[in-house]
Amino acid sequence: MRHHTTGRRTTVSDDHGSIFDGLIGGDSAQWAFGTGFEDPLAGVDTTVPGGVDHAELAAYCLMLGDDALIMSQRLTEWCSRAPDLEEDIALANIALDLLGQARLLLARAAAADPGVLPALPDGSPVPPEDALAFFRGADGFRNVRLAEVPNGDFAHVVVRLLLFATARLALLERLRASADSVLAAVAAKSVKELTYHRDWAGRWFLTLAQGTEESRRRLLAALGGLWPFQDELFAAHPVELSLARAGVGVDPGAARDDVAAVLDQVLAASGVARPDVAPLPGGGRHGTHTGDFGPLLAEMQVVARAHPSGRW
Amino acid sequence: MVSARERASEVAAQVRDPEMPMLTLADLGVLRAVDVERKPDGGEVVVASITPTYTGCPAMATMRDDLVHRLNDAGFPRVEVRVVLDPPWSSDWISERGRAALHEAGLSVPGPARRAAGPVALTLGPVRRALACPRCGSAATRLVSEFGATACKALYTCTDCLEPFEHVKEI
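Just so you know, the protein sequences line up as chains A and B, in that order.
Residue numbering for the first sequence follows full-length UniProt numbering, starting at 1 and increasing by one per position.
Residue numbering for the second sequence follows full-length UniProt numbering, starting at 1 and increasing by one per position.
Since the hints were made in silico from the structure, they are not lab data.
There may be inaccurate statements among the hints.
Below, computed lysine to any residue pairings styled on SDA-like, alpha-carbon distance capped at 25 Å [to be verified]:
# : chain 1 : residue 1 : chain 2 : residue 2
1 : B       : 39        : B       : 7
2 : B       : 39        : A       : 56
3 : B       : 39        : A       : 39
Between beta-carbon pairs, the in silico distance windows are [to be verified]:
# : chain 1 : residue 1 : chain 2 : residue 2 : range
4 : B       : 160       : A       : 83        : 25 to 31 Å
5 : A       : 210       : B       : 159       : 22 to 28 Å
6 : B       : 112       : A       : 151       : 35 to 41 Å
7 : A       : 261       : B       : 37        : 47 to 53 Å
8 : A       : 304       : B       : 162       : 30 to 36 Å
9 : A       : 281       : B       : 160       : 54 to 60 Å
In this text, a Cβ means the ideal position worked out from N, Cα and C, and glycines have one as well.
Take these sequences, add in the hints, and give me the full structure.
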């Protein structure tokens with residue numbers, strides 16, 4: 001309870017009397033992560049390089065950011081479900097790294113072209129990267145389908161992460177030379193994180209391939225099921241090609257051979273043949289997604305959408 | 001006479017990392033710069049620049065709040081905390097004093113980080129780090145996981161004294 005001195009008398013305000021009184025208002029630093037809005041690009045120069053189309057740069061950042069966000073969401077579903085605690089923590093760590101990458105990239109998209117932001121009620125405190133993550137519909141997302149297909153068993157997440165991290169690492173290695181200083185910096189940082197992700201997935205791939213008959217059977221099943229989604233990773237969207245020409249983006253097709261070389265290295269060490277399966281065409285970069293994407297978004301967005309003016 | 005910038009730098013350099021409080025942000029290499037800028041209204045603003053250890057580091061907001069509060073308390077009412085992304089943080093930036101503090105607190109200190117230039121090689125074999133158990137000093141250690149309780153740490157076990165310990169990862 002608070003005591004207010006009002007001239008003649010001291011009153012005790014009794015409109016609360018709750019144990020939370022001491023927590024509300026005052027020093028926000030007592031909260032673990034603070035309460036104020038925090039711009040992940042605070043102080044970073046987000047000027048778009050000359051000659052670069054703002055809308056194209058924003059769309060490109062959404063592609064890279066959405067891949068990370070949706071992959072992170074699928075990995076997060078593994079929380080408390082991995083075969084042992086260490087791997088549970090590993091998957092959560094990888095999900096957190098990707099969420100961090102997504103946050104910077106979505107913030108960069110909004111800074112490049114605020115036109116990508118979905119409409120929110122007047123006065124909504126939702127920061128731009130959250131608006132993009134939680135208030136876009138499925139057709140606004142530009143992620144590849146490999147990131148969104150539903151989870152399976154442990155072999156499935158190992159294979160998915162191997163394919164995803166290998167391709168993303170090869171792409172971002174090249175993006176370190178981007179003419180956009182924000183993209184170049186995010187890429188340089190992400191490469192270090194993805195190196196750990198790819199190593200984790202590669203080692204588990206090898207372990208499962210050479211483990212028991214059952215672990216190998218499951219690994220091969222996951223590999224056969226996910227391999228067809230790879231093609232979409234290298235099929236360049238017009239925006240990717242345009243920005244690659246401008247020295248800002250990377251043509252994913254240019255990374256294809258490097259990715260194949262790394263995967264061949266893993267397959268050879270594991271004694272597994274390259275799957276002979278037809279590629280699945282995908283339109284994730286154009287906003288065309290699988291039927292499983294809607295439920296993923298519903299779960300990810302439901303709380304934010306219920307409180308578009310909420311403060312967290 | 002000590003300048004405002006020097007005083008502000010000294011205060012900021014004392015702020016500790018929220019997840020590894022044995023380290024100051026300066027010793028961790030996260031505090032990149034402290035400057036005093038004059039604003040158009042004539043007032044002075046302390047600008048502290050920090051860089052995340054990992055992109056998803058959830059401690060960034062706490063670091064920012066801690067810096068603002070400590071500087072406010074030290075008589076700098078206007079403080080701005082800026083994010084620096086380039087160059088990316090490296091464990092190589094942890095100072096000698098920071099390394100000693102980590103060791104003192106029972107953590108294993110990182111070795112030299114991998115080189116960033118050129119294509120990154122895949123490491124399929126077991127991870128080999130020349131490190132010693134921070135508790136008993138034995139070199140007989142086993143990597144439990146490359147991912148630990150925070151983004152920046154790996155988990156080890158000493159096969160001599162059997163105690164688990166954390167290793168700050170090279171990045």
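So, going through the hints one by one against the coordinates:
1. B:39 - B:7: Measuring from Cα to Cα gives roughly 19 Å; hence the hint holds.
2. B:39 - A:56: violated, 35 Å
3. B:39 - A:39: holds, 21 Å
4. B:160 - A:83: 25 to 31 Å: holds, 28 Å
5. A:210 - B:159: 22 to 28 Å: Hint holds: Cβ distance 24 Å, inside 22 to 28 Å.
6. B:112 - A:151: 35 to 41 Å: holds, 37 Å
7. A:261 - B:37: 47 to 53 Å: holds, 49 Å
8. A:304 - B:162: 30 to 36 Å: violated, 46 Å
9. A:281 - B:160: 54 to 60 Å: Since the Cβ atoms of residue 281 (chain A) and residue 160 (chain B) sit about 56 Å apart, the hinted range of 54 to 60 Å holds.
Hints 2 and 8 from the earlier list are contradicted by this structure; the remaining hints agree with it.
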